[in-house]
Structure formats: structure tokens, C-alpha cells
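Visitor: Two independent chains are provided; combine them into the complex using the hints.
Just so you know, the sequences run in chain order A and B.
So that you can map any letter, position 250 of the first sequence is 250 in this note's numbering, and since no number is skipped, the others follow by simple counting.
So that you can map any letter, position 77 of the second sequence is 77 in this note's numbering, and since no number is skipped, the others follow by simple counting.
Some clues are possibly wrong.
Said to hold, decoys possible - Restricting the straight-line Cα-Cα distance to at most 30 Å, the calculated cross-link-like pairs of lysine-lysine (DSBU-like) are: (1) K96/A - K155/B; (2) K191/A - K260/A; (3) K139/A - K177/B; (4) K139/A - K168/B; (5) K155/B - K139/A; (6) K45/B - K239/A; (7) K191/A - K42/A; (8) K133/A - K250/B; (9) K239/A - K250/B; (10) K133/A - K179/B.
What the hints assert, rightly or not - Cβ pair distances, simulated, as ranges: (11) V228/B - A116/A: 35 to 43 Å; (12) G148/B - S6/A: 46 to 54 Å; (13) G169/B - R255/A: 45 to 53 Å.
It is worth saying that the hints were derived from the structure and are not from the lab.
Cβ atoms here follow ideal geometry from the backbone N, Cα and C, with glycine treated the same way.
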Amino acid sequence: MATFMSLSDAIAANVRDGDTIAMEGFTHLIPYAAGHEVIRQKRQDLTLIRMTPDILYDQLIGMGQVKKLVFSWAGNPGVGSLHRMREAVESGWPRKLEIEEHSHAAMANAFEAGAANLPFAVFRGYKGVDLPKVNPRIKSVTCPYTGEVLATVPAVRPDVSIIHALRADREGNVLLEGIVGVQKEAVLAAKRSVITVEEIVDDFGPRNANAVILPSWTVGAVVKVPGGAHPSYAQGYYKRDNAFYIAWDAIARDRATFLKWMEENVMSKGPEAFAAHARRFAVAAA
Amino acid sequence: MTDYTPTEIMTIGAARLLGNDDVCFVGIGAPSAACNLARLTHAPKITLIYESGTLSTRPTVLPLSIGDGELCDTALTTVPVPEMFRYWLQGGRITVGFLGGAQIDRFANLNTTVVGPYDNPRVRLPGGGGAPEIAIHCGQIFIIMAMGQRAFMDKLPFITSLGHGTGKGSREALGVKTKGPTQLITDLCIFEPDAATSELTVTTIHPGVTREQIQANCGWPVKYAENVRETPAPTETELNVLRDLHARTKAAHAA
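Chain B with its partners taken away, still in its complex shape (with noise of 0.2 Å):
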């Protein structure tokens, strides 16, 4: 057996998730590693955007920023910002948002805006950017993140982006028509949304890792689902084309 990462089984699971007929707006980071690993494998026509505007583009390397020139570069087209919001992402016209996230909850809400008091922040983070409207018009979202008890907590200090509120019913009692949050891959295990609650339950767990390791890095009481599998181990391709787009990211960001 290969060899590999808690990061790197998270990227793969993710990844796996992606099909040739998606249209996915591209969180940076983790988001763009998982998408860009499904194109360059098993979903060679899926369409990939960028909120700078960049419609189906087709990065050799990882963007270190959402606006990078490669990805202007490989696009079919360039859309202005407003555009982006106004006809493709409110449009409707996008079936999976990719969003990571500092902290999350059991119902798949996240917080990228600040720990501690909002006027008087303990940290302040980076802020919701497209998240909170991402995360209402595609029509599902993906979410990729690293367990851990500061990231997966009871209780968030804010919400920057709904996913599904309080529980069943929250979106639709908001007026809002899109499936929300239907994956949580994290490098432990993959959650999806109970049918009856909404509330995140683990699904399938990747190879040896264990149930309390799992609550070990989980603010709250962990879930299962009924028949929880096993998570695939990631194949010598995957993790050969992972590892070769990391590698060639890094020398070009190094340049």
C-alpha cells in the first residue's frame, strides 16, 4: 500500500465528489486543490470558476490567489466581478460551491469573520468574501476542512455563511431553494447531512482512523449514520498527479 497524508486522503475524498458535468465556483486553498485534482483526472470537462471572473479555466499550476493570471490565461473567458455575482452566481447557473472555512458546526454553518466579540475580536479572520452568498445559490455546496476542537465547535461566535441553520427546515424557512451543505470532507472522515435533522453524520471513514479520534477533534457529540464504510484508499494515480500540481505550484510560486 501507497503511502500518503491525512491532507492528501481529504484532497483525493473530495475530489471523487466532482463529475464532468459540474460547474463549481473554486474556493482558494484546499477547494482549488480538490477541483483541480478532479479535472486532471476522472472529470477532464468539468467546468471550473473563479470569482475574478474566470469561466472554465484550466490552471497548469494552483493559483495563489483567486485572481492569478493563470487563470485568466487558461479560461474560455474573463467575466467583470459584478457580472460574476449578478448573472452566473445569483443567476443560478452553478451547480457546486467548493468552500473551506476557520470554523464550522454541526449543521454545516461556517464562520470566516472572527473569533471572539465581533467588535472587539480575539482574531480576526479574513471575512466572508463570496462565501455567504455562495453558499445560498449554488445549487449544493462541498466543504472541505481539518478536524480539530478549535475548527469543529458547539457553538459558533459568528456566522459568515449558512449552511443548514438550526436544523431541517432552516433554509426553506429563509426563502432559500438551494440543497446547502450535502458533503463535509475532512481528513478524518466525511460527514453528510442526516435526512430527518440536517445535523452532519459521519458516513464513511477513512482507513485507521478510529471513532474516538474522531470525537476527539469534534466540538460537539459526533453522529454516524447506520452503515458507516470505509473511506477508499487513495490510488498511485491520485496521489501522483496530487503531488506533481503541488509540486509544480510550489517551484512556480517560489519563482
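Same shape as in the complex, but just chain A (with noise of 0.2 Å):
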């Protein structure tokens, strides 16, 4: 049931330690405020899910919370690599990063079945490549009418799921337009969950009949924070930052200059520098 909260307390109810966590976002609306509270209040062991991590994720590894990441594309986008989480696999620092690994079809999959309450997800994919050969948890089944291998994975069960997205009304009713990614299976997936919005309104207005709506009786905290997707973006409100995915690279590639950043940008911030970044990178929303 939705219940309105800060942000702080809404990550101090709903995230625990050795917690399984998704933070989704493709690309669009990735859920930054609401994950640097997570960096804040400093939850250690953590299992992180996301098909496409990013900077965010990054930062959570470099940080040395982050016990074990699946994923199916791991980089800053058109830009490189994930130079935390790189070091954190190639050399263990600060902490060896486990990996479970899968394609993008296999991790859709896998949200859309734990939203649907199945115990796994079934899928024509992983023919001739090895990551079923590292990755124990790529198993198949035979398709008991046509006698076809297909591949599968186990359906994805958060603990807590965590989104940004564009509206809530009054009742708690989270509206997410654009690119929807698989925020809405994640939310439905997971045993609780954390939801940011830009703005709060008395009613949706005029909508499309199709907008992707999440009841309030499907969602758990929900936080009014301006801005809170960036550097990503949320569609009518404010653009991708992709200055700042760039200058990430070089942030990112020293421990000390990252830590220092960190230290500056999250650690002694709260979640209202947000609603300046929001005002910083506003469009003119029509």
C-alpha cells in the first residue's frame, strides 16, 4: 500500500543489509537520489540487480557495499567502461565484486516472470555461446509438445525494487511515461518497494489510455524528489546530462579522485542538492 515518506526514511524502512536490490532504469528515469540514500545510510552486502548497470551502480560498488551484481550490460553508455566496478572484478578492489551474468531476453525474462509469480523463465536464446558454460544458473527445459531445448533462467524476486518516475497523485497511483523499461515488472516483482517521483498532482489530468500505471495498492514508499534521475533523465521534466556520463570517465578512473567526489557530491549532500540539479538541467516542459 502506498505510503508517502522522505526519501531518508523511506530507504531506512524499506533497505536492509545483504538485501537483493533492484534499481531499474533503462537508460531513462534510473533512480539516482534514491540510490545515493542508499549510499548514505551506508547498507553493506548488498546483491544488486539491474540489466544495464550504469554510473549509479558503479558508485555503489566503489563504495564497497555491493556483495554481488547480476547483469546483462555492464558500461557507461557510448562512453566506456565502469571503472569502479572494472577494478572491483579485475583486482577485488574495494571488495571482490561476485558477477552473475545473463543476456538482456534472459533478464526481461526473468523480471517479467517474477512479476507473473512463476518460478523461472523460459526463452529461445544462449545458443552456442558460453555463458551458460560460467553462469550455473542458465539452465534449460525441454518443451514438452515439441520436444524443443529451450533456455532458462530463475525469475527475478527482489527483496526491495527501487524506481523514478514521472507522477504520483494523491492516492499514491505512479505514473511512468517514455521509455518504461522493465520498471513495472521490477516493482511487482519485489517484496517491497521504493518509488521517487518528480511531482505530486491532485489528479493525472488528460493521459494516454496505455500510460503504464502502477496502483497504489502495488507500490510501497513513495517520495517526492525533484529531479531525482540524474544525470539520467525524465521525459517533459529534464534532459540526459550527457556531459556529466562523460566526465564521469575521468572520475571514476582514480580510487582517490572517486572517493573524493563521492565524499563531496553524495556523502556530505542531501536529497534536496537534487531538486537544484533539476532546476539546473529543466527543459521547458509543454
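Guide: Here you go:
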């Protein structure tokens, strides 16, 4: 049931040490503000799930809070590597990162299976490739009708899913539009959820009848955080801060530079800093 | 004659292979440049699909990332990511998958996962993303990659996506019915799989490039087709449109 909370209370109440967490967003609507609150509250031994981990997960990994990463493509898109993740995998700093690696098709199907309350996902995939040799969770099943061998992966069932959406109404129904990724599935598959939104409105008003809406009785904590997706973007509110994604490459390359940046921009800042970001990057929302 | 770079002739060579009837699953980077160049020149009706769920998108600048707002704003419609992979890709509705990669072997298998042992890698690459299933579900695959000894490997440390496996018949043996890689466009030449063996074979060499240069940038003994042709040089229009696109993109991403 939707409960309006502050960001720090929402994270404190829903994220525990050792949790499995999905902070989803497919380039669009990545929940940076909420992720930074998880960093500030120093939650440990986390298992993070996401199809396309980018800078936010690089930050959590670099701060030593992550035990395991479940993913299908990890990088700074169009820019290069995630240097903090690479260092954790290649040389175990600040701690060795366990990885469970899939393809996008597998992860998308696994989120859907979680939302559908199925134990696993079945799909045509992984033919002639090496990933099943190094990931024992990739298995197969024989179709009872045709005899075809199909790939399977376990359903994604996070302890908590965290997403950023465009708007919530006063009852806590949540609206997403644009590139919607697997956020709906992530919330429906999880035991608990934290949803940050750009604004809270009396009524959604005229909208596309097919807009993605999570009804209030399917969501947990709802938190108003304007700019909460920055440096990613919120369709109709502000654009992607591509310059930041490019700048991150140099920040993350060196341990000391990274730690200093985190101290100055995350550890010693509160969620209100994001409202300022939002104003800086705001586009004229029609 | 107009001057052009090896990367420009690679992108232009790839764009020329696409037509109005293609429904194309576009990877980020060089594939995206080639597909949009085709759309802005000879194939205005080409259907471009990105894995973030955007169908028939017409971006005015190249996306830095697979899910940039530009792709959604200019798309016919945008579908959720699970639907993208289930109905559209696995459903067999895509004619061409356009991939890049870090490493390739002579049978066009690709590695974008790790260099060195998986559990203790020398270099951790981004991973497969959509590629393992793009490689088996699209009607055919075009690959665009610059040549070099570290990229064109005699034996890959890891196979992220299937090309022609260990040679002719490999795909069929795995129950895969699509054609797989039919074109590999590089900065020096174009390869196509040999009809009898499926080994990548040079069919077209870019102007001024020598066979010695090609071999020096390839980790296996390069085979040539019986009739090797010269790639037509980029036209002024192709170069202007491509440079314009890159200039617009650079300005947009720096903003």
C-alpha cells in the first residue's frame, strides 16, 4: 500500500543489509537520488540487480557496499567502461565483486516471470555461446509439446525494487511514460518497493489510456524527489546530462578522485541537492 | 577526389548495405551511425529499432546511449523492454541485426564479455546485452568493426554471440534457422562468409588498401574470394551527410 514518506525514512524502512535490490531504469528514469541515499545510509553486502548497470551502480560498488551484481550489460553507454566495477572484478578493490551474468533477453524474461509469480522464465536463447558454461543458473527445459530444448533462468524476486517515475497522485498511484524499461515488472516482482517521483498531483489529468500506471495498492513508499533521476532524464521534465556521463569516465578512473567526488557530492549532500540539479537541467516542459 | 578517413568509409560501406525494406535492430556506436546514415541518404523508409523499446525511430542526432529521449521522441511507438525481446526480436520480426564487438574470429563469432579467464579476467568488457539473442533471431546479421590484431583473433577467449560457430552447419546443428552474419564491414575491406565453409572471406577492398595491410591487422590467415572488387569511394553526399550527423551529435552531447 502506498505510503508517502521522506527519502531517508523510505530507504531506512525498506533497505536492509544483505538485501537483494533492483534499481531499474533503461537509460531513462534511473533512481539516482534514492541510490545515493542507500550509499549515505551505508547499507552493506547488497546484491544488486539491473539489466544495464551504469554510473549509479559503479558508485555503490566503488563504495564497497556490493557483494554481488546480477546484470546483462555493464558500462557507461557511448563512453566506455565502469572503472569502479572493473577494478572490483579485475583486482578485488574495495572488495571482490561476485557476478551473475545474463543476456538482456534473459533478464527481461526473468523480471516478467517474477511479476507473474512464476519460478523461472523460458525463452529461445543462449545458443552456441559461452555464458551458460560460466553461469550455473542458466539451465534448460524440454518443451512438452515439440521436444525443443529452451533456455531457462530463475525469476527475479528482489527484496526491494527502487524506481523513479514521473508523477504520483494523492492516493499514491504512480505514472510512467516514455522508455519504460522493466520498471513495472521490477516493482511487481519485489517484496517491497520505493518509488521516487518528479511531482505529486491532484489528478493525472488527460493522459494516454495506455500509459503505464502502478496502482497505489501495488507500491510501497512513495517519495517526491524532483530531479531524482539526474544525471539520467525524466521525459518532459529534464534531459539526460550527457556531459556528466562523459565526465564520469575521468572521475571514476582513479580511486582517490572517485572517493573525493563521492564525499563532496553524495556523502555530504542531502536529497535536496537534486532539486537544484533539476532546476539546472530543466527543459521547458510543455 | 574527396578525402575521407578509414572509419568514414567503413560507416558508409555499411550504410550502403541497408535498404528501405529492412527492419533493423540497431546497436549503439558505429552500427547506429551506419543505420542513420542509410536513413538520411538512400533508405528514408528503413525501420530502425533500438532495444530500449523504440520502434521506427528517426533521431536527428545519434544517441549516446541506447535509451536516449531522442529515440523515444521520434519513434512511431515505444514498447516495454520485455515486449521488445519477446514479441519483436524472438518473434522473428527483425530482418537485420547490426552489431559491433570487441573481438571476432574467422567464423564471425563475437566476444564482448572478457579478455582472459572468466573468473579472473585481464579485461572485463561490458557483456553481451542483447547480442546473444540478436545473433540468433534476426534474419541476418551485419557486423561493423575496425581491424586490428587484438580484435581479429584466431581463437576467442569467450563467445558472447554466435556467428557461424566452428564452420558450415554449426548454426543448423544448434537448431538456429536464421542466416547469421552475412557481412563484416571493416575500415580496410568487407568480408562475407564463404558459401562452402562459412569462413569470413574478403570480397571487397577499400581504395588504396593492400592485402599486406589486411593480413597485418588480422590474427588468422586471411582468405580472399575469387573475384575481389574495390569498394567504391564515398561520394561527396555520403560524406557530407555523415559529417553533418556527427557534428550535430557532438554539439548535442556536449550541451
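Visitor: Against this structure, judge whether each hint is valid.
Guide: Evaluated hints:
{"no.": "1", "hint": "K96/A - K155/B", "in the structure": "holds (28 Å)"}
{"no.": "2", "hint": "K191/A - K260/A", "in the structure": "violated (35 Å)"}
{"no.": "3", "hint": "K139/A - K177/B", "in the structure": "holds (21 Å)"}
{"no.": "4", "hint": "K139/A - K168/B", "in the structure": "holds (27 Å)"}
{"no.": "5", "hint": "K155/B - K139/A", "in the structure": "holds (26 Å)"}
{"no.": "6", "hint": "K45/B - K239/A", "in the structure": "holds (28 Å)"}
{"no.": "7", "hint": "K191/A - K42/A", "in the structure": "holds (21 Å)"}
{"no.": "8", "hint": "K133/A - K250/B", "in the structure": "violated (40 Å)"}
{"no.": "9", "hint": "K239/A - K250/B", "in the structure": "holds (16 Å)"}
{"no.": "10", "hint": "K133/A - K179/B", "in the structure": "holds (25 Å)"}
{"no.": "11", "hint": "V228/B - A116/A: 35 to 43 Å", "in the structure": "violated (53 Å)"}
{"no.": "12", "hint": "G148/B - S6/A: 46 to 54 Å", "in the structure": "holds (53 Å)"}
{"no.": "13", "hint": "G169/B - R255/A: 45 to 53 Å", "in the structure": "holds (50 Å)"}
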